[in-house]
Amino acid sequence: MRSGLPKFAATPLLTTSLLASFLSPGIVHAYEGELIDGFTSTLLEVYREAVGQACPPGVIEHRVPSADLAEGAVALEGETTELVDSNMLIFSGNAEIEKDGLIINADSLKYNKADDTFTGEGNIRIQSPDGHIFQADSMEMEVGTELGSAKGVEYTIVNTERKPKREDRAFVRAQGRADGIEFVGKDLISLQNATYSTCRKDKEIAVLSATDIELDTTAGTGKAKNMILRMYDVPVFWFPYVSFPIDDTRKSGFLMPSIGSTTKSGTVFN
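Just so you know, the sequence shown maps onto residues 8 to 277 in my numbering.
Since the hints were made in silico from the structure, they are not lab data. For glycine and all other residues, C-beta sits at the position ideal for the given N, C-alpha and C. Certain hints may be false.
[Stated by the list, open to error] Below, computed lysine-lysine pairings styled on DSSO-like, alpha-carbon distance capped at 30 Å:
hint, residue 1, residue 2
1, Lys208, Lys172
2, Lys208, Lys158
3, Lys158, Lys210
4, Lys158, Lys172
5, Lys117, Lys172
6, Lys170, Lys106
7, Lys172, Lys120
8, Lys208, Lys230
9, Lys193, Lys170
10, Lys120, Lys158
11, Lys117, Lys158
[What the hints assert, rightly or not] Derived CB-CB ranges, DEER-like:
hint, residue 1, residue 2, range
12, Leu90, Val241, 51 to 59 Å
13, Leu195, Asp122, 18 to 26 Å
14, Ile97, Arg173, 33 to 41 Å
15, Pro247, Asp107, 38 to 46 Å
16, Thr218, Leu90, 16 to 24 Å
17, Leu90, Asn233, 41 to 49 Å
18, Leu90, Glu147, 19 to 27 Å
19, Trp245, Glu147, 32 to 40 Å
20, Glu128, Pro242, 29 to 37 Å
21, Asp114, Ala74, 21 to 29 Å
22, Thr87, Gly227, 37 to 45 Å
23, Asp137, Glu89, 29 to 37 Å
24, Thr225, Trp245, 27 to 35 Å
Work the whole structure out from these sequences, hints included.
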């Protein structure tokens with residue numbers, strides 16, 4: 008163990024599992040079409056138990072949507088406003104768009120009334136109607152359908168079932184980063200070159216990284232391709248494909264509660 012880790016990092020359970028992963032090369036890789044043996048399943052259970060206690064859910068500030076904004080109405084704000092034409096508006100300086108629980112903030116926002124779309128630049132923050140938060144360098148989106156894309160993204164998936172006592176706070180279910188993100192719909196998110204972790208940003212004990220991650224917030228599932236699982240920034244597992252729960256069916260603080268396998272699609276976590 009490297010120096011500077013939290014005290015719980017050196018627990019016998021976690022240390023044993025880390026050593027086992029390095030001493031048993033055959034369990035580190037699971038190729039498509041191969042069954043994962045019982046020892047690998049046991050090892051992942053060890054990780055789950057060890058990390059679950061050390062990775063409690065975080066809390067994030069949560070904007071409360073305007074109660075007096077009528078359904079379908081759009082609220083626009085900014086320090087300066089430029090009317091480009093009858094449909095195009097540019098808001099600069101603490102710019103904000105709000106519609107049906109969707110709240111968008113940025114240094115600059117360009118809103119097209121005709122097709123209900125916006126493009127944003129600089130310090131973009133989107134809070135979805137469900138409370139999930141996306142921060143990006145640049146973004147474009149159709150407001151009503153929430154179809155769009157963004158680059159340079161940090162995201163936070165919140166727990167929509169369990170809520171803190173304060174209305175302006177939310178429990179964090181998962182967080183991560185991505186080079187790019189596609190908003191395929193109101194509940195389906197596709198991330199490129201991304202990370203996913205149920206740990207807090209300042210205590211990322213376990214992190215999943217993949218070339219492609221898909222999160223379905225309604226179904227409560229995630230899928231990842233070419234996935235690497237890192238513990239304390241040390242790669243310990245690689246899988247060509249995994250699926251995993253992102254809702255409260257996962258009772259621990261780790262990425263998944265159990266493991267299985269399929270003959271074609273790779274590894275499936277339930």
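Evaluated hints:
The suggested pairing of Lys208 with Lys172 holds, with an alpha-carbon distance near 22 Å, which does not exceed 30 Å. Between Lys208 and Lys158 the alpha-carbon distance is near 19 Å, which keeps this suggested pair within the 30 Å criterion. With a CA separation close to 24 Å, the supplied pair Lys158 and Lys210 stays within the 30 Å bound. A threshold of 30 Å between alpha carbons decides the hint, and for Lys158 with Lys172 the separation of about 34 Å lies outside it, so the pair is violated.
Among the hinted pairs, Lys117 with Lys172 is inconsistent with the structure: their alpha-carbon atoms are about 36 Å apart, more than 30 Å. For a cut-off of 30 Å, the pair hint linking Lys170 to Lys106 stands: about 23 Å separates their Cα positions. At most 30 Å may separate the alpha-carbon atoms for a hinted pair to count; Lys172 and Lys120 exceed this at roughly 37 Å. Between the alpha carbons of Lys208 and Lys230 the distance comes to roughly 21 Å, so the proposed pair stays at or under 30 Å and holds.
Between Lys193 and Lys170 the CA atoms are separated by roughly 21 Å; this keeps the pair inside 30 Å, and the hint holds. With a CA separation close to 23 Å, the supplied pair Lys120 and Lys158 stays within the 30 Å bound. Proposed proximity of Lys117 and Lys158 is supported: the alpha carbons are some 17 Å apart, at most 30 Å. Under the hint 51 to 59 Å, the C-beta atoms of Leu90 and Val241, about 55 Å apart, fit the expected range.
For the pair Leu195 and Asp122, the supplied restraint of 18 to 26 Å holds, since their beta-carbon distance comes to about 21 Å. Look at Ile97 against Arg173: about 35 Å separates their beta carbons, and that is inside 33 to 41 Å. The hinted window of 38 to 46 Å between Pro247 and Asp107 holds, with their beta carbons roughly 39 Å apart. Taking the beta carbon of each, Thr218 and Leu90 are about 43 Å apart, not inside 16 to 24 Å as hinted.
Look at Leu90 against Asn233: about 47 Å separates their beta carbons, and that is inside 41 to 49 Å. For the pair Leu90 and Glu147, the beta carbons lie near 20 Å from each other, so the given range of 19 to 27 Å is met. Look at Trp245 against Glu147: about 34 Å separates their beta carbons, and that is inside 32 to 40 Å. Between Glu128 and Pro242 the C-beta distance comes to about 35 Å, which sits within the given range of 29 to 37 Å.
The hinted range of 21 to 29 Å is satisfied by Asp114 and Ala74, whose Cβ atoms lie roughly 27 Å apart. With their beta carbons about 42 Å apart, Thr87 and Gly227 fall inside the hinted range of 37 to 45 Å. Range check, Asp137 to Glu89: about 32 Å between beta-carbon atoms, so the 29 to 37 Å window is met. Taking 27 to 35 Å as the suggested C-beta distance range, the pair Thr225 and Trp245 conforms, at roughly 29 Å.
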